Amino acid sequence: MEYNPEVHSIKCPKCGHGMEEVGYGGVTIDRCTNCQGLWFDTGEADELKAKWMGDALDTGKPDEGKKWDTVEDIACPRCGKDMEKASDPKQTHIWYEVCDEHGMFMDAGEFTDYKHETLADRFRSLIKGSR
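Take the sequence shown: its letter number 74 is residue 74 in UniProt numbering, and every next letter is one higher.
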């Protein structure tokens with residue numbers, strides 16, 4: 001759904017569509033109505049990661065999320081500043097965008113991967129390398 005400030009909490013930094021607030025276990029994040037990417041205000045990703053079934057909010061398909069990896073320059077939906085690419089230190093194959101002041105954005109499927117570190121993740125991070 002196209003971004004409408006009267007309906008949507010924020011505008012998706014990847015595809016420009018509206019994001020809606022969704023919650024689980026007392027944590028409220030923003031999910032894009034189009035690409036299904038997730039915006040986490042500072043601390044929300046770690047808080048949701050610690051919750052049982054916290055990945056239930058990541059309803060997008062990983063294959064769809066990977067399509068958005070080519071979008072390089074994105075701005076923070078809170079302040080408009082350019083966001084930096086970062087990777088999870090424990091799972092270096094997972095790349096996401098970070099605003100030091102406001103939070104982080106993950107493409108569809110990335111939060112589920114981030115929440116569940118496996119032996120396959122450790123192997124994948126060895127062979128994927130840097131972007």
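Think of the hints as simulated: they come from the structure by calculation, not from any bench.
Here the structure is a predicted model, which means the values were calculated and not measured.
Ideal Cβ placement from N, Cα and C applies to all residues, glycine included.
Possibly wrong hints are sitting among the right ones.
[Stated by the list, open to error] Below, in silico cross-link-like pairs of lysine-lysine (DSSO-like), each with a Cα-Cα straight-line distance of 27 Å or less:
# : residue 1 : residue 2
1 : Lys66     : Lys90
2 : Lys81     : Lys51
3 : Lys11     : Lys49
[Stated by the list, open to error] What follows is a set of in silico ranges between Cβ atoms, one per label pair, in the way DEER data are often shown:
# : residue 1 : residue 2 : range
4 : Glu2      : Gly25     : 16 to 22 Å
5 : Glu2      : Ser87     : 18 to 24 Å
6 : Gly26     : Asp73     : 20 to 26 Å
7 : Glu21     : Lys49     : 15 to 21 Å
8 : Thr70     : Gly23     : 16 to 22 Å
Against the structure, the hints:
As the CA atoms of Lys66 and Lys90 are separated by approximately 20 Å, the hinted pair is consistent with the 27 Å bound. At roughly 30 Å between alpha-carbon atoms, Lys81 and Lys51 are farther apart than 27 Å, so this suggested pair is violated. About 23 Å separates the Cα atoms of Lys11 and Lys49, which keeps this hinted pair within 27 Å; it holds. Between Glu2 and Gly25 the Cβ separation comes to about 30 Å, which falls outside the hinted range of 16 to 22 Å.
The hinted range of 18 to 24 Å is not satisfied by Glu2 and Ser87, whose Cβ atoms lie roughly 31 Å apart. Between Gly26 and Asp73 the CB atoms are about 34 Å apart, so this pair departs from the stated range of 20 to 26 Å. In this structure, Glu21 and Lys49 meet the distance hint of 15 to 21 Å, their C-beta atoms being roughly 19 Å apart. In this structure, Thr70 and Gly23 break the distance hint of 16 to 22 Å, their C-beta atoms being roughly 30 Å apart.
This entry does not satisfy hints 2, 4, 5, 6 and 8, going by the numbered hints stated previously.
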